[in-house]
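Model the full structure from these sequences, guided by the hints.
Number of protein chains: 2
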Amino acid sequence: MRVTDLRATPVAIADPPLRSAFGLHAPFALRTIVEVDTDEGVVGVAETYGGDAPLRALDAARALVIGRDAYRLTPLRVELDAARRPAEERPWEARGFAAPALFSAIEVACLDAIGRQTGRPVCDLLGGRVRDEIPFSAYLFFKHAGDDEWGEVMSAEALVGEARQMRERYGFGSLKVKGGVLEPDREVAAMRALREAFGPSVPLRLDPNAAWSVATSTRIAEELAGTLEYLEDPTPGLDGMAKVAERSPIPLATNMCVTAFEHLPAAVAKRSVSIVLSDHHMWGGMRATVELGRLCRVFGLGVSMHSNSHLGISLAAMTHVAAAVPELTYACDTHYPWQTDEVITGGKLRFHDGALPVPPGPGLGVELDRDALARLHERYRGTDLRYRDDVAEMRKTDPDWRPHVGDW
Amino acid sequence: MRVTDLRATPVAIADPPLRSAFGLHAPFALRTIVEVDTDEGVVGVAETYGGDAPLRALDAARALVIGRDAYRLTPLRVELDAARRPAEERPWEARGFAAPALFSAIEVACLDAIGRQTGRPVCDLLGGRVRDEIPFSAYLFFKHAGDDEWGEVMSAEALVGEARQMRERYGFGSLKVKGGVLEPDREVAAMRALREAFGPSVPLRLDPNAAWSVATSTRIAEELAGTLEYLEDPTPGLDGMAKVAERSPIPLATNMCVTAFEHLPAAVAKRSVSIVLSDHHMWGGMRATVELGRLCRVFGLGVSMHSNSHLGISLAAMTHVAAAVPELTYACDTHYPWQTDEVITGGKLRFHDGALPVPPGPGLGVELDRDALARLHERYRGTDLRYRDDVAEMRKTDPDWRPHVGDW
Numbered sequence: 010m011r012v013t014d015l016r017a018t019p020v021a022i023a024d025p026p027l028r029s030a031f032g033l034h035a036p037f038a039l040r041t042i043v044e045v046d047t048d049e050g051v052v053g054v055a056e057t058y059g060g061d062a063p064l065r066a067l068d069a070a071r072a073l074v075i076g077r078d079a080y081r082l083t084p085l086r087v088e089l090d091a092a093r094r095p096a097e098e099r100p101w102e103a104r105g106f107a108a109p110a111l112f113s114a115i116e117v118a119c120l121d122a123i124g125r126q127t128g129r130p131v132c133d134l135l136g137g138r139v140r141d142e143i144p145f146s147a148y149l150f151f152k153h154a155g156d157d158e159w160g161e162v163m164s165a166e167a168l169v170g171e172a173r174q175m176r177e178r179y180g181f182g183s184l185k186v187k188g189g190v191l192e193p194d195r196e197v198a199a200m201r202a203l204r205e206a207f208g209p210s211v212p213l214r215l216d217p218n219a220a221w222s223v224a225t226s227t228r229i230a231e232e233l234a235g236t237l238e239y240l241e242d243p244t245p246g247l248d249g250m251a252k253v254a255e256r257s258p259i260p261l262a263t264n265m266c267v268t269a270f271e272h273l274p275a276a277v278a279k280r281s282v283s284i285v286l287s288d289h290h291m292w293g294g295m296r297a298t299v300e301l302g303r304l305c306r307v308f309g310l311g312v313s314m315h316s317n318s319h320l321g322i323s324l325a326a327m328t329h330v331a332a333a334v335p336e337l338t339y340a341c342d343t344h345y346p347w348q349t350d351e352v353i354t355g356g357k358l359r360f361h362d363g364a365l366p367v368p369p370g371p372g373l374g375v376e377l378d379r380d381a382l383a384r385l386h387e388r389y390r391g392t393d394l395r396y397r398d399d400v401a402e403m404r405k406t407d408p409d410w411r412p413h414v415g416d417w
Numbered sequence: 010m011r012v013t014d015l016r017a018t019p020v021a022i023a024d025p026p027l028r029s030a031f032g033l034h035a036p037f038a039l040r041t042i043v044e045v046d047t048d049e050g051v052v053g054v055a056e057t058y059g060g061d062a063p064l065r066a067l068d069a070a071r072a073l074v075i076g077r078d079a080y081r082l083t084p085l086r087v088e089l090d091a092a093r094r095p096a097e098e099r100p101w102e103a104r105g106f107a108a109p110a111l112f113s114a115i116e117v118a119c120l121d122a123i124g125r126q127t128g129r130p131v132c133d134l135l136g137g138r139v140r141d142e143i144p145f146s147a148y149l150f151f152k153h154a155g156d157d158e159w160g161e162v163m164s165a166e167a168l169v170g171e172a173r174q175m176r177e178r179y180g181f182g183s184l185k186v187k188g189g190v191l192e193p194d195r196e197v198a199a200m201r202a203l204r205e206a207f208g209p210s211v212p213l214r215l216d217p218n219a220a221w222s223v224a225t226s227t228r229i230a231e232e233l234a235g236t237l238e239y240l241e242d243p244t245p246g247l248d249g250m251a252k253v254a255e256r257s258p259i260p261l262a263t264n265m266c267v268t269a270f271e272h273l274p275a276a277v278a279k280r281s282v283s284i285v286l287s288d289h290h291m292w293g294g295m296r297a298t299v300e301l302g303r304l305c306r307v308f309g310l311g312v313s314m315h316s317n318s319h320l321g322i323s324l325a326a327m328t329h330v331a332a333a334v335p336e337l338t339y340a341c342d343t344h345y346p347w348q349t350d351e352v353i354t355g356g357k358l359r360f361h362d363g364a365l366p367v368p369p370g371p372g373l374g375v376e377l378d379r380d381a382l383a384r385l386h387e388r389y390r391g392t393d394l395r396y397r398d399d400v401a402e403m404r405k406t407d408p409d410w411r412p413h414v415g416d417w
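Those protein sequences? They're chains W and Y, same order as listed.
In this text, residue positions in the first sequence follow the numbering used here: the first is 10, and each later residue adds one.
In this text, residue positions in the second sequence follow the numbering used here: the first is 10, and each later residue adds one.
Hints listed in this document are in silico derivations from the structure and should not be mistaken for laboratory results.
There could be a bad hint or two in this list.
[Said to hold, decoys possible] Pairs of lysine-lysine, BS3-like flavour, derived with a Cα cap of 25 angstroms:
(1) Y:K252 with W:K279
(2) Y:K279 with Y:K252
(3) W:K279 with Y:K405
So, in structure tokens, the structure goes:
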């Protein structure tokens, strides 16, 4: 099954003014919809990061992909591998969009095509599902008031309200809070308010995105013992995390200091983290995520799943890969409830009791809505956003603002 | 594609009187031919270890396999995983044939079936080949005279003759010697004779199967610096190997102290070895071997491939998996030239310049010869061999014989 074309369509999707340690989400999040045509008539789709860098990378890689057998992608992975060539021979490399991300977009689209051709769901191509439904967590954000129905959420009380609404609408059984926004002790109070409101049967997580110092992280880990399921990236770097981990009664998770396979040996040696957040977009694809699961099990690490603002194609892919990774025992993160736009037919995928069933049907189990794609692409063309910059967005309302990086 | 039946047929295949540190090969090596029938008419085959234990295990697992979708095996792997149930609930567990070996036999047969159904070679189901031909090494043995054309090989000179013949017939570009048989210094002399005879362009390996002490291993590693590509399992255990590795100028490889994923963390921490010998039969299957490749790359370990006495189904599977693992950069071991029997149609697979092309055609690319299978099964029934016991075989000619285990 030869790939006859590779298309990348950039889109801009509405995004509420969500806060994080980095700053503020812009009114639009950028994504790229990838399609591979094949000589057997099926078309495979994928969704990846947005903006200039992925577009440049996908365009530069086009010649490497066209003509290739969709079943034979490992050689492409080897070719794209940054370590094997000098930089001038790697035109597909782009800041913020490394070879694993590029490979992932191509792999997901090819697996979708193979699934469509063989009539099998993508998770079957990865060894088969170990669960039929994937539990996701509510992803709670502090946020500014904006053109959305959620209003301003900048207090513990408002966060509890947001959580209540998320649970009512989607049935999420776990709550993750994007922290690093309020002064640390106020975030402790917010987590306690969530525990108070929902009780111990609802696991809670907090992710300050490395805004805190080692001392603050350690103190808060002790204070929140018994309250948090895990604490994600309280402080920057493997060494800082290792210092916190040494005394923390709460498992530490990461999506910042371990974001690629090559970070794992040092993380294991230093005992920096207990849980790695997988993300097939970032870690090199769906097969790579299965491999990450094995590796984590072997080295005694837990596996959870990370998310960025995304549409239904990414959500379907996340669901398939989560179904195929036995080690992924935590509810997965997803920004999906925050996105009102969609590029798949039938509207947004629906959570039941906080979980998403593996989409039935072949491939990823979703169909591209070409009208919606055209609309969201037009919106991309109409905005001048070409990369994500939460700092710049935040400075529009607070010119002196700068992110906390391990100093709070 | 549902599995409708699982059949295991034990066979006994002629085996020459090959020597190793454990003793002497019996006149027959035992293997098991596994078949899965499916409701789509295709039958998948696999080959695994022989004798009572695999038969018992495969029989006990039959109920777990029948009715299962051949695409959905990861849940079976999880179910078979020894760590998850008390021993009395694991009737498929058998000494010398652990859950990963059992799962591997089932997985290979199912992947063969999927490949036949979809018209794809098995390596395409693993991500695709990174090489079209798999280099194998000549597997040189010291041996007794027997009912074979090789004669007695118990000296350096005879070993050079054996190597010459292996190279002439099959074109092997690498030479592996099963050591631990002659007094260590005589094996050093044999390796030097091979180097003398074939020159530095022919990589040499020596595998004393942990017969030597740390002191002997260290001394010989220093003596053979520049002569060996790698030294395999000179001494027992991760700690012993680590002591040798600390001073050895030659990379150490293993198929004895790291034979399962759970051995890797300690091996990495102790720096016991540089190269892990994969074996899909032992490590839990073909996908597991791909995962092992990734894990080894991440942790800076090289990957080679181990072999036991085997037929063409195993060789085909080894070739497919080797094609799909980028990290497998060493010529693979194979006992295949020592086996005169075969269970596939068309006779024995043929090496070209020491390499085997990935078999064309769907699945593993080999067809079971049912007459040959019946003959070799009859031979199994006619012998009382039910497990491999090289010590007992050796004692038939030398009643006082006992293996060297780290004491030579």
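Pair hint K252 of chain Y and K279 of chain W, alpha-carbon separation not exceeding 25 angstroms: With Cα atoms ~23 angstroms apart, K252 of chain Y and K279 of chain W stay inside 25 angstroms; holds.
Holds or violated: K279 of chain W to K405 of chain Y, with C-alpha atoms at most 25 angstroms apart: violated, 53 angstroms
25 angstroms Cα cutoff - pair K279 of chain Y, K252 of chain Y: Distance of about 9 angstroms is within 25 angstroms: holds.
The earlier numbered hint that this structure contradicts is number 3, and it is the only one.
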